[in-house]
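Could you slot chain E onto chain G? The hints should help.
Number of protein chains: 2
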Amino acid sequence: MTGAGTGTVAVAPVAQAAEGRRADLARLSLNTATTKHLTLAEAAAAAADAGLSAIGVWRDRVQEVGAEQAARIVADQGLRVSSLCRGGFLTTPDPQAAAAALEDNRFAIREAATLGTHELIMVVGGLPACPAPGAGARPYPGDGAADPARDLVATRQRVADRIAELAPYAAEHGVRLVLEPLHPMFAADRAVVSTLGQALDLAAPFDADVVGVVVDTYHVWWDPDLQRQVARAGAEGRIASYQVCDWVLPLAAEPLNSRGHVGDGYVDFATITGWVRDAGYAGDVEVEIFNESIWADPADRTLATLAERHVRHVLPHL
Amino acid sequence: MTGAGTGTVAVAPVAQAAEGRRADLARLSLNTATTKHLTLAEAAAAAADAGLSAIGVWRDRVQEVGAEQAARIVADQGLRVSSLCRGGFLTTPDPQAAAAALEDNRFAIREAATLGTHELIMVVGGLPACPAPGAGARPYPGDGAADPARDLVATRQRVADRIAELAPYAAEHGVRLVLEPLHPMFAADRAVVSTLGQALDLAAPFDADVVGVVVDTYHVWWDPDLQRQVARAGAEGRIASYQVCDWVLPLAAEPLNSRGHVGDGYVDFATITGWVRDAGYAGDVEVEIFNESIWADPADRTLATLAERHVRHVLPHL
Numbered sequence: 013m014t015g016a017g018t019g020t021v022a023v024a025p026v027a028q029a030a031e032g033r034r035a036d037l038a039r040l041s042l043n044t045a046t047t048k049h050l051t052l053a054e055a056a057a058a059a060a061d062a063g064l065s066a067i068g069v070w071r072d073r074v075q076e077v078g079a080e081q082a083a084r085i086v087a088d089q090g091l092r093v094s095s096l097c098r099g100g101f102l103t104t105p106d107p108q109a110a111a112a113a114l115e116d117n118r119f120a121i122r123e124a125a126t127l128g129t130h131e132l133i134m135v136v137g138g139l140p141a142c143p144a145p146g147a148g149a150r151p152y153p154g155d156g157a158a159d160p161a162r163d164l165v166a167t168r169q170r171v172a173d174r175i176a177e178l179a180p181y182a183a184e185h186g187v188r189l190v191l192e193p194l195h196p197m198f199a200a201d202r203a204v205v206s207t208l209g210q211a212l213d214l215a216a217p218f219d220a221d222v223v224g225v226v227v228d229t230y231h232v233w234w235d236p237d238l239q240r241q242v243a244r245a246g247a248e249g250r251i252a253s254y255q256v257c258d259w260v261l262p263l264a265a266e267p268l269n270s271r272g273h274v275g276d277g278y279v280d281f282a283t284i285t286g287w288v289r290d291a292g293y294a295g296d297v298e299v300e301i302f303n304e305s306i307w308a309d310p311a312d313r314t315l316a317t318l319a320e321r322h323v324r325h326v327l328p329h330l
Numbered sequence: 013m014t015g016a017g018t019g020t021v022a023v024a025p026v027a028q029a030a031e032g033r034r035a036d037l038a039r040l041s042l043n044t045a046t047t048k049h050l051t052l053a054e055a056a057a058a059a060a061d062a063g064l065s066a067i068g069v070w071r072d073r074v075q076e077v078g079a080e081q082a083a084r085i086v087a088d089q090g091l092r093v094s095s096l097c098r099g100g101f102l103t104t105p106d107p108q109a110a111a112a113a114l115e116d117n118r119f120a121i122r123e124a125a126t127l128g129t130h131e132l133i134m135v136v137g138g139l140p141a142c143p144a145p146g147a148g149a150r151p152y153p154g155d156g157a158a159d160p161a162r163d164l165v166a167t168r169q170r171v172a173d174r175i176a177e178l179a180p181y182a183a184e185h186g187v188r189l190v191l192e193p194l195h196p197m198f199a200a201d202r203a204v205v206s207t208l209g210q211a212l213d214l215a216a217p218f219d220a221d222v223v224g225v226v227v228d229t230y231h232v233w234w235d236p237d238l239q240r241q242v243a244r245a246g247a248e249g250r251i252a253s254y255q256v257c258d259w260v261l262p263l264a265a266e267p268l269n270s271r272g273h274v275g276d277g278y279v280d281f282a283t284i285t286g287w288v289r290d291a292g293y294a295g296d297v298e299v300e301i302f303n304e305s306i307w308a309d310p311a312d313r314t315l316a317t318l319a320e321r322h323v324r325h326v327l328p329h330l
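The listed protein sequences correspond, in order, to chains G and E. Per this note's numbering, the very first residue in the first sequence carries number 13; after that it's consecutive. Per this note's numbering, the very first residue in the second sequence carries number 13; after that it's consecutive.
These are calculated hints, taken from the structure and not from any lab test. Model, not experiment: these values are computed from the prediction. All C-beta atoms, glycine included, are put in the ideal place defined by N, C-alpha and C. Hints are not guaranteed to be accurate.
Interface residues of chain G toward chain E, partial, derived using beta-carbon atoms under 8 Å [what the hints assert, rightly or not]:
no.: 1; residue: Q210
no.: 2; residue: L212
no.: 3; residue: R244
no.: 4; residue: E248
Over 12 Å on every C-beta distance to chain E, these chain G residues come out as not near it, computed from the model [as the list claims (entries may be wrong)]:
no.: 5; residue: G32
no.: 6; residue: A35
no.: 7; residue: A38
no.: 8; residue: A87
no.: 9; residue: D201
no.: 10; residue: A203
no.: 11; residue: W233
no.: 12; residue: G286
no.: 13; residue: F302
no.: 14; residue: E320
Okay, chain G solo, but in the shape it has when bound:
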């Protein structure tokens, strides 16, 4: 309190406030999907300007400049890469398409290594009967018999088999395959991995340093088994990322883009963040929001909201 009210030493509280703010945001990471229209360089600058310490990057923005240049861009802003999004889409029954998918995943593993992140997020893909995300279903075979393209059990087994194929390659490159359970709303078209417990079962045969899981509030907030599975994930050392955004209603016309800023919807961030903390997670908190209206906002406003909501709804429970 010394010097309060004098012109010169008033600088000290300001510096302290800035320091405090940086400490508050020390674990907050901007996922580039939240600022969809920014290049990697623009997103990294926005994150650094807002006082964040990390960035989660999508492959499209990395590939625009190449992984080595992307690594430099992020390092120049003094940021960590909290994760690379995303590998996966491994569910096709077609051998040629499967080989291409595996090759693309090996490329993603090398990109993650070059970027210096340990965590490669994996969205595993949907049912073969679903030709594209959100599209209508392929008809049943003519005789009305059971359709292998709608067989969830077999599709999930292919995911297990292909994770097994990729795991040694990921381990060699010091990269972890991070299975992301997606909300069951996306089970047909995007990910046949729908719960944290299922992701942990898939990860179980592998070293925790090679196959992990992400806890994304949007996808798992509703799960009656969540507390137990978060604790299990922590005990196994598999929580690779904590991603936050909110479940808002009504759903957008494109449900993928229905996510909201933390605090705008129904997710109980106090409780879930507490479970993640109690599970021993000490890594970054990545904000990944798909939302047309947020994408239309100026980046500095988006970043300011991210920071404010983090301090208000997540940090006190972290």
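Just chain E now, with coordinates in the frame of chain G:
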């Protein structure tokens, strides 16, 4: 084969075909939500004309005529009532609203008894922070503290407590409270019961004849634990209803109305129906579809499609 080709006895194969068709549809039930614009009398007539044996009725259509008259309408068409939809909406933290909800559920129990159905479907309700289905969220309390209206764990506990309050009354009336897990997409606004396993955990303290569960393919098809939980539900004698309709994409603007005819979407009816059969379920198969376009169809066309899809996709596995 005797008499084949003669005019008089050609009637026999036609009669046999009609008999065969009636046998095929012996367990098929029309839920009145599928023919939303029909009165109960119209829906019962349409179901009987199409050769069905049962009807699942919604309370709005029952209350238009009263439960006693509704029972007569259904009996006059030679149909069973497979279930009454629906009780529930038990999640409010407000004592006065809770008392009103319990009273309404007691009324529903009496309606079910009057209708002669043992099965009262219960949609338990959403989070208090969600003022109405599909609506936006109530804001957090001003201080940014944890919000009890977003506390899923506490909300689910209230459901358990209120089921316990209703169970003796249901038992007295020979009616079973049938917990319906709704798709996690509806966890905020309609039902904090999201999986079959969770519904069975809630039912566990009660006699299987007093609290049961419904397996509705639309809500549970994605669940990686489904096979195990269906088997458990069967072993416990708690499967009160098997409801079918399909998960179609893209979702409708009002996601509640996104359901499709069996065979139009992604659900693996062969596998799930086989699990329900193996669990020992021998009751009705109720078709409950919320879909604006199907509601606009003539009822005879809707019923013909129901019958055709049942024979093609469900019956062979039942």
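Evaluation of the provided hints:
| no. | hint | verdict |
| --- | --- | --- |
| 1 | Q210 | holds, 4 Å |
| 2 | L212 | violated, 11 Å |
| 3 | R244 | violated, 15 Å |
| 4 | E248 | violated, 18 Å |
| 5 | G32 | holds, 17 Å |
| 6 | A35 | holds, 18 Å |
| 7 | A38 | holds, 19 Å |
| 8 | A87 | holds, 34 Å |
| 9 | D201 | violated, 6 Å |
| 10 | A203 | violated, 10 Å |
| 11 | W233 | violated, 8 Å |
| 12 | G286 | violated, 9 Å |
| 13 | F302 | holds, 15 Å |
| 14 | E320 | violated, 10 Å |
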